[in-house]
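Number of protein chains: 2
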Amino acid sequence: MIFGTRGSKTQIEEGTDFSPKFDQEGLIPVVTSDYASGTILMQAYMNQEALAKSIEMGEAVYYSRSRKKLWHKGEESGHIQKIREILIDCDQDCIWLRVDQIGDASCHVGYRSCFYRVVPTGSFGRSKQPIQLKINSQKVFDPKEVYKQSKDTEKS
Amino acid sequence: MIFGTRGSKTQIEEGTDFSPKFDQEGLIPVVTSDYASGTILMQAYMNQEALAKSIEMGEAVYYSRSRKKLWHKGEESGHIQKIREILIDCDQDCIWLRVDQIGDASCHVGYRSCFYRVVPTGSFGRSKQPIQLKINSQKVFDPKEVYKQSKDTEKS
Numbered sequence: 001m002i003f004g005t006r007g008s009k010t011q012i013e014e015g016t017d018f019s020p021k022f023d024q025e026g027l028i029p030v031v032t033s034d035y036a037s038g039t040i041l042m043q044a045y046m047n048q049e050a051l052a053k054s055i056e057m058g059e060a061v062y063y064s065r066s067r068k069k070l071w072h073k074g075e076e077s078g079h080i081q082k083i084r085e086i087l088i089d090c091d092q093d094c095i096w097l098r099v100d101q102i103g104d105a106s107c108h109v110g111y112r113s114c115f116y117r118v119v120p121t122g123s124f125g126r127s128k129q130p131i132q133l134k135i136n137s138q139k140v141f142d143p144k145e146v147y148k149q150s151k152d153t154e155k156s
Numbered sequence: 001m002i003f004g005t006r007g008s009k010t011q012i013e014e015g016t017d018f019s020p021k022f023d024q025e026g027l028i029p030v031v032t033s034d035y036a037s038g039t040i041l042m043q044a045y046m047n048q049e050a051l052a053k054s055i056e057m058g059e060a061v062y063y064s065r066s067r068k069k070l071w072h073k074g075e076e077s078g079h080i081q082k083i084r085e086i087l088i089d090c091d092q093d094c095i096w097l098r099v100d101q102i103g104d105a106s107c108h109v110g111y112r113s114c115f116y117r118v119v120p121t122g123s124f125g126r127s128k129q130p131i132q133l134k135i136n137s138q139k140v141f142d143p144k145e146v147y148k149q150s151k152d153t154e155k156s
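Chains as they are written, first to last, in the UniProt record's numbering: chain Z, 1 to 156; chain W, 1 to 156.
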C-alpha cells in the first residue's frame, strides 16, 4: 500500500510517511495551481484511487462528487493537467497540485481559473442585499464549443 | 443578509450575487496564499460568521474544526493574515484568500507554509512501504517559543 497508516501527531506532521487523511466520504481536498504563474486554478477532491492514479500517471485525476466517479481532468475538454509537483500539508489532510494546464484553461465555465470573481471587503452593516461580486477575468473559451459532444460537462 | 440564497446553476456561476455554499457542517473550504509570492500557505474552513468577520475586518478568521470555535488566525502566535483579496470559485463552494502574512509564517509546525513536504510521483507498483515524503523547506520559527503561553496551538 502506497499510503501509510495515520500515526501520532508528530509522525503525521514531522514524519516522511505519506499518510493522507480521507474524510468520512473517502475524500481529500485538493488545491490546484498553475506552475508558471502561481494562479490557483481550481479546488476539487480525490479519493484513494484518484490520488494513486495522479501519482502514477503524473496527470490530475480527481473524484467528481456530482458525477460520483473518477474524473481524469481534461478527458472531455482536452484541458489535461500535467503534474509538476504534489505537496501535502502539515496534518496531511489537503493536497496542493502544481500543474502545467494544457489549453491554458481549467474552468468548465470558460475561464482560465475557477476563481474569476472577487468578493469586496469592508463593512456591509445590516444590508438586506447580498454582496455583489466583481468579475476580474475574461473567458478564454466557449464551453458550448468545447463540451459540444457531451451534456455532461466536467464538473467537480 | 450579506450572503445571497443559492439560485440556479447559471445564477451561481455567471451571476454577481455572493451566494457561498456551506456544507452539511456549515463550512466552506478556504485556500490561503501569500499575496507577494503566490505560495499557498494553508487550507482551512470558515463558517458563515468567520466569513462575515473576515470580510468586515480584512483579516483572516477561520473556523477551527478541532477546537470547534472561531479562529482569528494569529490570535496566539501574532501571525495575523491581512487580506488583500478574496475570490470565490465558479460553483461558489471554495474561497481563495490572498493575504500578507505577518511574521512571514503561517504553519503551527514552524514553517512558512503548511505545504513543506513533496510527494514523489511515478509508479510504486505493489510496494508494501508507504511513499516517502521529501521535506523541501526549513522552519522559520520554533513553535515551543511562539506558543509557550498556550497548550492549545492554533490548529485548523
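Fair warning: there could be bad hints in the mix.
Copies of the same chain look alike in the list, so a pair counts if it works inside one copy or between any two.
[Claimed, not checked] Here are the simulated lysine-lysine pairs, DSS-like style, with alpha carbons at most 30 Å apart:
1. Lys68 - Lys139
2. Lys21 - Lys68
3. Lys144 - Lys9
4. Lys69 - Lys21
5. Lys9 - Lys134
6. Lys82 - Lys9
7. Lys21 - Lys53
8. Lys128 - Lys144
9. Lys144 - Lys82
10. Lys82 - Lys128
11. Lys9 - Lys128
12. Lys128 - Lys68
13. Lys128 - Lys69
14. Lys53 - Lys134
15. Lys68 - Lys144
16. Lys139 - Lys69
17. Lys134 - Lys21
18. Lys139 - Lys21
19. Lys68 - Lys82
20. Lys53 - Lys128
21. Lys82 - Lys53
Since the hints were derived computationally from the structure, they do not count as laboratory data.
Going through the hints against the structure:
{"no.": "1", "hint": "Lys68 - Lys139", "in the structure": "within (27 Å within a copy, 40 Å between copies)"}
{"no.": "2", "hint": "Lys21 - Lys68", "in the structure": "both (20 Å within a copy, 19 Å between copies)"}
{"no.": "3", "hint": "Lys144 - Lys9", "in the structure": "between (48 Å within a copy, 15 Å between copies)"}
{"no.": "4", "hint": "Lys69 - Lys21", "in the structure": "both (19 Å within a copy, 22 Å between copies)"}
{"no.": "5", "hint": "Lys9 - Lys134", "in the structure": "between (41 Å within a copy, 18 Å between copies)"}
{"no.": "6", "hint": "Lys82 - Lys9", "in the structure": "between (32 Å within a copy, 29 Å between copies)"}
{"no.": "7", "hint": "Lys21 - Lys53", "in the structure": "both (17 Å within a copy, 29 Å between copies)"}
{"no.": "8", "hint": "Lys128 - Lys144", "in the structure": "neither (35 Å within a copy, 46 Å between copies)"}
{"no.": "9", "hint": "Lys144 - Lys82", "in the structure": "within (24 Å within a copy, 39 Å between copies)"}
{"no.": "10", "hint": "Lys82 - Lys128", "in the structure": "between (45 Å within a copy, 27 Å between copies)"}
{"no.": "11", "hint": "Lys9 - Lys128", "in the structure": "between (45 Å within a copy, 23 Å between copies)"}
{"no.": "12", "hint": "Lys128 - Lys68", "in the structure": "between (37 Å within a copy, 29 Å between copies)"}
{"no.": "13", "hint": "Lys128 - Lys69", "in the structure": "between (40 Å within a copy, 27 Å between copies)"}
{"no.": "14", "hint": "Lys53 - Lys134", "in the structure": "between (37 Å within a copy, 20 Å between copies)"}
{"no.": "15", "hint": "Lys68 - Lys144", "in the structure": "within (23 Å within a copy, 44 Å between copies)"}
{"no.": "16", "hint": "Lys139 - Lys69", "in the structure": "within (27 Å within a copy, 39 Å between copies)"}
{"no.": "17", "hint": "Lys134 - Lys21", "in the structure": "between (35 Å within a copy, 18 Å between copies)"}
{"no.": "18", "hint": "Lys139 - Lys21", "in the structure": "between (35 Å within a copy, 23 Å between copies)"}
{"no.": "19", "hint": "Lys68 - Lys82", "in the structure": "within (23 Å within a copy, 38 Å between copies)"}
{"no.": "20", "hint": "Lys53 - Lys128", "in the structure": "between (47 Å within a copy, 17 Å between copies)"}
{"no.": "21", "hint": "Lys82 - Lys53", "in the structure": "within (13 Å within a copy, 37 Å between copies)"}
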